[in-house]
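Novice: Each chain, written out:
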Amino acid sequence: MDLMHHSSTFLLPTIPLHHRPSLTYALVVLNQTLPRFAPLLWKHAQLRLCADGGANRVFDEMPLLFPEEDASDVRLRYKPDVINGDMDSIRKEVLDFYRSLGTKIIDKSHDQDTTDLHKCITYIWDFAPDANKSSLCILVAGALGGRYDHEMGNLNVLYCFSSLRIVLLSDDSLIYLLPRTHHHEIHIQTSVEGPHCGLIPIGAPSRSSTTTGLRWNLSKYMSTLL
Amino acid sequence: MLRLQSIKLAKAKHLTVPSPSSLRLVKKRMIAMDLMHHSSCFLLPTIPLQRRPSLTYALLVLNQNLPRFTPLLWNHAQLHLCADGGANRLYDEMPLFFPQEGASDVRRRYKPDVIKGDMDSIRREVLEFYASLGTEIVDKSHDQDTTDLHKCVTYIRDSASGLDKSNLCILVVGALGGRFDHEMGNLNVICRFSYMRIVLLSNDSLIHLLPRTYCHEIHIQTSVEGPHCGLIPIGTPSKSSTTTGLQWDLNNTAMEFGGLVSTSNIVKEEKVTVQSDCDLLWTISIKKL
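Protein sequences, first through last, are from chains P and E. Using UniProt numbering, read the first sequence as starting at 1 and increasing by one per residue. Using UniProt numbering, read the second sequence as starting at 1 and increasing by one per residue.
Chain P on its own, in the form it takes in the complex:
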């Protein structure tokens, strides 16, 4: 079984040059209060998308993270590359503002079968060249909290795109899938994350999981059933 490396270097001010794995980041902003480190994620990302009302959040809340600066300067600096979704939450003035700055607007209001996050992930998947997909990591802000069915729908997106690295982030936690097809090494960035952690068998029971490096490690003989 292949080894998969994980590291939250996207939470560091600077990503070390020789850090393995070397990843390309995309940022998706959903419609919840921006986490306090949103500007940091924005800086590391090469592609920045807002899912529908996520654009309202960037417009309204990015300036609040830079109170000493002029709001319109901050808005010009934090301009999303794409706004994608069913457009039922984004305010007209926000849409017009970013459109006038050159943001690509993708109106998927006809598609009621998938969530806004799903639409954004599909866009990134189609946009990224095949060669780069394995080194792509999609950071998502605003996927946790709020309406519970939304949170579960966002969690399901991780499972539907289990071959993609997708990290859901809130002010309190980050979560990502550890596909069963790989062994996993998680390199803990102690300056920015931890110590509280967990492993969750969402969706199906696990008969056998094994860990090292935790206070309460799992051994292969223990069943972890929800």
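If you're looking for bench data, these hints aren't it; they were derived computationally from the structure. Bear in mind that the values here come from a model prediction, so they are computed numbers and not experimental data. We put the CB at the ideal spot given by N, CA and C, even for glycine. Take these hints with a grain of salt, some might be off.
As the list claims (entries may be wrong) - Now the stretches of chain P that chain E is said to cover, found in silico as 3 or more residues with beta-carbon under 8 Å:
(1) 25–38
(2) 144–155
(3) 164–173
(4) 190–199
Got chain P sorted already, so can you dock chain E onto it with the hints?
Specialist: This is chain E only, laid out in the frame that chain P set:
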């Protein structure tokens, strides 16, 4: 119930002429499965007298911001518990709901019956304040194997005296949001105690389990909840779930993470029915009034 039966029979007819034994099996399953009623009348200002089922409520406060309807839940509950730092929330935030009143008056009025947990979050002055008012303090700091929610649910189940437990419903605030491992641990508690009615509430949603051993009727209180809802196969895939009353009903539909999970659904009728081969989580949005 009858409608579900006719759906199953119609489906069986479409595929093959149902044998007497398969019909007996369907009928046996329907008869064997009891009906469980659900209603969010705890979100109403007054609970209608004839409301079925007639429930006794306990309120449990965990360590997150209090939802705006916490005083309402408090009024309906016969037992009020704080899990550890939930007592800080009560102390700090209940007065904010009554800005025209003196904070200490509000604190005395909203005095928990019990504070329980491992006591690593509750502030000393909060603990002393409630202890001086007669709140029972149950220190479980030696027990690091179970979450504070788990400790409180077992306390309610095993110890709480003077509480009619024959039709008990535990309302929990502060179980969602915050640290994700906490949220999942709280979800696991309601899955482990699947034979008890436990409702987790936040400002945006409520969730509770629909055990697979029952057919479910959910009576929607349209003045306070909906229309956004979902059914989540949280712990194990579902080979077959069936609903009525939703915009996108399930009809012997399979659900699992990585495939179909019913989210962003809409309640269409005042009664929603659900039947499934696995425990499902029901979630519905709470209206911002």
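Novice: Hint by hint, which ones does this structure get wrong, listed from lowest number up?
Specialist: 1
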